[in-house]
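Sequence order for the protein chains is D and U.
The working numbering applies: residue 6 is where the first sequence begins, and numbers increase by one.
The working numbering applies: residue 259 is where the second sequence begins, and numbers increase by one.
Quick caveat, the hints were computed from the structure, so don't treat them as lab data.
One or more hints might be untrue.
Unchecked claim - Quick partial rundown of chain D residues pointing at chain U, CB under 8 angstroms, derived from the structure:
1. R11
2. P15
3. F44
4. R50
5. R59
6. R60
7. V62
8. Y65
9. N67
10. R72
11. Q75
12. I90
13. P91
14. A92
To be verified - Below, simulated DSS-like cross-link-like pairs (lysine-lysine); rule was C-alpha separation at most 25 angstroms, straight line:
15. U:K543 <-> D:K18
16. U:K553 <-> U:K516
17. D:K18 <-> U:K596
18. U:K303 <-> U:K550
19. D:K77 <-> D:K18
20. U:K625 <-> U:K577
21. U:K550 <-> U:K516
22. U:K516 <-> U:K304
23. U:K516 <-> U:K303
24. U:K625 <-> D:K77
25. U:K516 <-> D:K77
26. U:K543 <-> U:K625
Beta carbons: idealized from backbone N, C-alpha and C, even for Gly.
Read off the chains here:
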Amino acid sequence: MSATIRIPTPLRKLTNNEEVVETSATNIGAAILDLQTRFPGIQERLLDSNGEVRRFVNVYVNEEDIRFLQNKETPLKDGDEVSIIPAIAGG
Amino acid sequence: MAKTQGFMQALRCRECGRTYDLEARHVCEFDFGPLEVVYDYDRAKKSLTRQALASRPHSMWRYRELLPVAGEPTVGLQVGFTPLVRADRLARKLGIRELWIKNDAVNYPTLSFKDRVVSVALSRARELGFDVVACASTGNLANSVAANAASAGMKAFVFIPSDLEQGKVINSLVYGANVISIKGHYDEVNRLCAEIAGKYHWAFVNVNMRPYYAEGSKSQGFEIVEQLGWRIPRHTVVPMASGSLLTKIQKSYQEAVKIGLVEDGEYSVHGAQATGCSPISAAYKAGLDFFKPVKPNTIAKSLAIGTPADGFYALKVFKETGGAAEDVTDDEIREGIKLLAETEGIFSETAGGVTVGCAKKLIASGKIPADDSAVLCITGNGLKTLDAVAGHVGQTREIRPSLREFDALVEKEAQMISR
């Protein structure tokens, strides 16, 4: 099984410009660890020194903010789409 | 170090301080922190003086040294310098000594404060070589991008939530903009736009142009200080969606002091939200320095942002200035709109009802003391959100064109009153 993760522009230097990567991790926390193994350095971009998702990083699973789900414990299943998006100003 | 352009020196991350060139880029590559324009304040101080201002045109561009364009602005030259209205009748109703309304409901050309940020974003977009501009919007921004792009001969794509007021939709379509309606709320529109912005090389005013765009809001604060006779108001009440305007009002006061336009003094900046979308106000009341995102449900659609990008910094502004946050229900928003209209003759959109309603609560609770003075920032025009008040502001009485019928109506109403 695998979920896909859309990599935002500021992080693509770390993923050799790959926009979408696959992961077999079963939750968001594990997916970030998986990314770190394959693209060293990406974890500290996403997580702060306490291991929490950074203040200005929004993570979505199938278009839903993980803060409305189970944060880093949010489960992933086959076919899920993860987006990582910087916070945006108002309009 | 980045290359200086005009009075701008670089873009800098608010979180970690890393600097970047002055390009279309909005987040720090390292920690996703928002980037801000760094100015050469020493040079600005020499050039932006009260004396120099005396002979400049009455538009937001009179403060050009602290607005982020490299050369002369090319879009929205007439924007800003909206009236600052002494509001004695509303002051009596709210129970405060001195009250002023900064009335951006009559901003040029699209009747909201967004014309300020858009004229900056589009002028800068042109400098950076873009000919397509875009935005994610709750309505007012879309209107302004559409109109200003039309006048500048640029192509516009605006993305809005599908449940917007008709007035705001037509107000974008009429200028010939591409209006894309998204089946979702603003935070979903925003998320999509972040992904579109990563793929299409357009100037997204509130995405990759954000560092420039957001600075335009400072002009409202500079104007307030100048229009008060070079004085920072003791209290300012600002509506909050993403929280950006509030943080830029504080920044404008700080910069006015920094370059010697005005003397430093004590001031508080307060934030207003709708209870149906109040992540920042809720965090303030709970004593937190971070917010929890919410799903918006309010008639104040222009403030319906459940994941406010500047929420964290807005909470900091309260801490630094002794400000507070409040929120009001839909009924209180309508009451606020009516109160402002009936006392001052100013018809504001729902966000203005939020600001008036919250100011009332802040004064009643003593957070704004009754013997002080305050400025309320009114950011948009009531003609755009008629749906929100229709059926709540009384109704017309219809008669035939007959004096007898009119006399009867007057008599009947006199009886009702005397009863």
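Need the status of pair D:K77, D:K18: alpha-carbon distance at most 25 angstroms? Roughly 24 angstroms separates the two Cα atoms, so the pair holds.
* Does the structure keep U:K543 and D:K18 at a Cα separation of 25 angstroms or less? -> 41 angstroms, violated
- Task: With chain U as the partner, please determine if D:A92 meets the hint condition of a C-beta pair closer than 8 angstroms.
- Result: Result: holds, 4 angstroms to nearest chain U Cβ.
Q. Between U:K543 and U:K625, is the straight-line Cα distance small enough, at 25 angstroms or below?
A. 13 angstroms, holds
- Task: Below or equal to 25 angstroms on CA atoms is what counts here, so check U:K553 against U:K516.
- Result: Given that 25 angstroms is the threshold and the Cα spacing comes to 39 angstroms, the pair is violated.
Quiz item: With 8 angstroms as the cut and Cβ atoms as the points, is D:N67 at the interface with chain U?
Solution: 12 angstroms, violated
- Query: Would the stated hint for D:R11 survive a check requiring a Cβ distance to chain U of less than 8 angstroms?
  - Reply: 7 angstroms, holds
Against the 25 angstroms threshold, does the CA-CA distance of U:K516 and D:K77 hold or violate the hint? Between U:K516 and D:K77 the Cα gap is close to 43 angstroms, so the pair fails against 25 angstroms, i.e. violated.
Holds or violated: U:K516 with U:K303, Cα cutoff 25 angstroms?
At roughly 8 angstroms apart (the allowed maximum being 25 angstroms), U:K303 and U:K516 satisfy the hint.
Mind checking the CB of D:R60 against every CB in chain U and telling me if the closest is under 8 angstroms? 6 angstroms, holds
Classify the hint on D:R59 as holds or violated, based on whether any CB of chain U lies nearer than 8 angstroms to its CB.
Since chain U brings a Cβ to about 6 angstroms from D:R59, closer than 8 angstroms, the hint holds.
Decide if the proposed pair is consistent with the structure: D:K18 and U:K596, CA atoms, cutoff 25 angstroms inclusive. 53 angstroms, violated
The earlier numbered hints that this structure contradicts are 3, 9, 11, 15, 16, 17, 18, 21, 24, 25.
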